[in-house]
Every structure is written in structure tokens, then in C-alpha cells.
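Trainee: Sequence:
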Amino acid sequence: MTFRTMSLPLAALVAGAAPSLAQIAPEDVWAEMVDGLERGQLVLESADESREGDVLTVSNIEVSQDDGFTATTFTLPQIVMRQTDEGVALELPETSEITFSSRSEYSEEPTTGTLVLDLDGWTANLTGQDIESLDYDYAADAVTVTVSEIDVPDEGTFEAPMTMTMTDLSGDYSTEPAEDGLDRISQTARIGSTEISVDMDATDPVATFDLAMNLGSLEFEATSFVDSDLEPEDFQDALASGFSGEGSATLGPYDYTFEFYEEDTDASRPADQFSFSGGSEGGEAAFAISADGMSYSTESTAVRLAVETPELPVGAVSGTLDRVALSLTAPTVSSEEAQDFSAELRMEGLALSDSVWDMLPDMVGAPIDLPRDPATIAIALTGQVILPFDYFDSALYEQSQQPEPPLPTTVTLDELRIDFAGVELTGDGTVDFDLDDMESFDGFPAPDGTIELSLTGLQGLVRTLVQAGLVPAEQALFVQGMVGAVARPVGEDQFVSEIVFGPGASITANGFPIPLR
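In mature numbering (1 follows the signal peptide of the UniProt record, and there is no 0), the protein residues as written are -22 to -1, 1 to 495.
Quick list of the computed label-pair ranges, beta carbon to beta carbon: (1) Leu323 - Phe422: 19 to 25 Å; (2) Ser226 - Pro481: 42 to 48 Å; (3) Pro55 - Leu323: 43 to 49 Å; (4) Pro291 - Asp44: 49 to 55 Å; (5) Glu376 - Gly400: 49 to 55 Å.
Derived from the structure by calculation, the hints contain no laboratory data. Ideal placement from N, C-alpha and C gives every residue a C-beta, glycine not left out.
Required output: the full structure, derived from the provided sequences and hints.
Mentor: Below is the structure:
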């Protein structure tokens, strides 16, 4: 039988957990993998170990997990750990079958299936000058995972419903002692391309589910500091012990298609069917977490989506988006002092296909011509908030009573921009919150500050909607009257408004109280 050297991450993944290595002898590697399973709330039910020369072979591996709702069992035929001059190599057969069985509390019969793992060209090296500093790198021409069969109670057996192939894999992983008794873990990974296909067919009722996805290159890197001697009850304990981590990922161009069809049990009714396709030129993401807070950001460019279904009047619609980005920061540990937070959402260059706009006349029963320029939505907030609970305290979420909500002390609207159908709304400003006044706004801190708003193009849009019969003339007059009451004109179809939050729960717009009285 031919074997390929397998990297530590994949070997651990197949076994069910990522090991935390302390030695580079085969037996110690296996022992740490078993400990890693336990830390991942998995149980090694059985395994046969045999040592011959420099080779430790572990076969007939069975791992289980039971979270109280779902019980799952995995079996893996074999792992080989070979002692080398440099360290330990992990080996698997070029082809392995992994069986699984999963039973939920809602089903008397388990869902069973078989995964086939194909490895092509694995090479890996695990080295270390001492037991506390370990490095390994790996590479592979291809890895293919196939769900060769899955048997779902009351649904039937599905043959080869899913396949995923990753090519040109490479990466490295290292551990070394750091300050304050922590271990520094660094890792990088790269996948040249990924192809995913799902093809499922059912007979009662007749239904099909097809998915095809092609992902470009994926690059990932991360660094974390961990107290390896600690077995925390939950993630909040790990943060308290000094855990921190940060990482980033970059994804190349990708595309996907999805099709669904299901016949109704009532033959007189039409079948449910729809399809959509899309993709992007790529994107990136980053994260960081520690006791000082957490952050997350993601961005994609040249996003496209098309949807087709008989329920649409025109059959198919599509849209594109030049850029979409989201970023968040928030505290993780409770404190009586205010902590920073931020949130930002940007959708730039949102363009709808002509088929979307062409539906409007048929929907309203009259000609209508709205500006079709790409839309933009952007909102950015920064501020400070008091967090009265530890965000990752698992015991807190097991209580029937909800915890006290976070209390903002100051919020700044750094940017507001909504630009669509010829109307543009912009704004900025800062509002402080008085924690000593929780009565004026029914349990929420009383606000004190100013928001500046600017509105352009609304009257033109209202006139277009009136001409199309979408808005009655009397309602249009009411809208224009409301705008005139809370905003002042500064040009043709241009208005500005100053929203002021003052003492005594007062809110004014350009000096006029809101609600108007």
C-alpha cells in the first residue's frame, strides 16, 4: 500500500481535533492528539496501536461526540506516525474511507454516510530543536473529499451527493514559548483552488438540489497566544488567562451556481423552482480577539448575483456591486468604565439590471422612469459603551433571564450616505448619553447632542411617483410639508436639518420640536 506524508493539521482534522504537541516522539504525538480530542469535547472510543521499528501505527480509530442533542460517531482506518531524523511524519493511505453516524433527539433512526478522502502528493516535515519549540510545513498537489453515500431517515439514500477538491495546498505551523507563560502559535496556509459540487435527488416528493462552486486562491495567516496548561470552562476563561489571536485571509475570484426544483404533493399546484448564480473578483477578511476587545472586517469587490424563477414577472433579475465592506469592533470583558466600539457598512456601486426596472411599469400599471444610477449605502459609527457582562461567558447565556444590555456613553455618526433613485441623504454628528437619567427615555440613557443631515432630490422623486400614480397627490403634499417642517431649503430640491437632543427628553429639528407640537 502506498502512503503519502500528511501534515499535522489535516491528520488532526480527520481524527477530530487539532493536537497541541509537546514532544516529537510518535507516542507523544498520538497522546497529545487524544488530549486534543478531549479538549474538543470528542471521545476516542477505540484505537489499535502497534509499534514496529521507527513506525507507530494507529488503526481502527473510532471517535464520538454527544452534545445532548446530536450524537455522532466517526471511524478512520489508519494513521501512521514515522520517526525521522528531523522529527515525526504523519502518513495516511492515498485513499481512506471515513464512516459516520449521527442521531438527533428528533429522529429514531441515525443519518449514516461514508466520506472518501483522497490525497495526492502529500509531503510534510515536523521538526524542533526542543520539545517546546516545534515547526512543521506541508504541501500537497490535491486533496479530494467525497461524500460517497449518505442515508437520511425518511428521505432515502443519496449516492455521491457532494465532492470537494482542493489543489496546490501548502502551509506551515509553529509553536514556541512566549512571555507570561503563554505559547505563541503561528500558522499560514494557501490553497490554489477549490471546487465544490453538490448533486442531490429525491423521489418523494420529486426534488433536485444542485450546487457548483469554484473558488480561486485562498491565503490565510494567524497568530495566537495560548496558555497550554489551562483547560478553561469556556472561552471567557481563556481570555482571562491571556489568550489572544489575530489573523487575515485573502480570497481570489470565485463563482457559483445553485438550482432547486421540488414538485408539490398536490399535482394541481406548480412545482417550486428557482436558481441563482453569482461570484466576485475576490475579497479579504481579518479578525482579532483578546481581553482588550474583538474586531472583524470583511470586504468583497465586483460582486454579482442573478436570480431566476417563474414567480418573477420577467423571469430573471440580476445586480452587481462594486464593493461591499463590513467592519465591527466591540469589548469582550465587562467593565464599569466605557470601552470603545465601532461599526461600518459600505455598499458601493449597487446596480440593478434593466429587467428589474422594466418590471416597475407592469407592477404599477403606468409608465415610470426612475434614475438608474448605481446606488450607495454607507454608515459608520464610533463610540464608547459600558459592557455589564462578559461577552463569552457561557453560563450567562444558559440563564432564562436576559442580561442587562450594554449602555452607550457616546456615539458618533462619522458618516451616513444613502444614494438611490436620484435621492441622496448624508449626515454626521455626535450624541452623548447621560447614565444618570434613565427615566426620560424609558430605561435608556438620555441623549444629548446634534446630528446634521442633508437631503437632495426628494421632491423630484415624489413628483415622479405622483405622475406614475404610485403616490396620491395629497400624500405628496403631506410629505413635502413634513420635510419643510423639519428641514430648511438651501437650494433647488436641497434641504438641511439639525437634529438636537437636549435636556428633558427634548428633540428638535431646526428649532422645531419633534414630535411636532
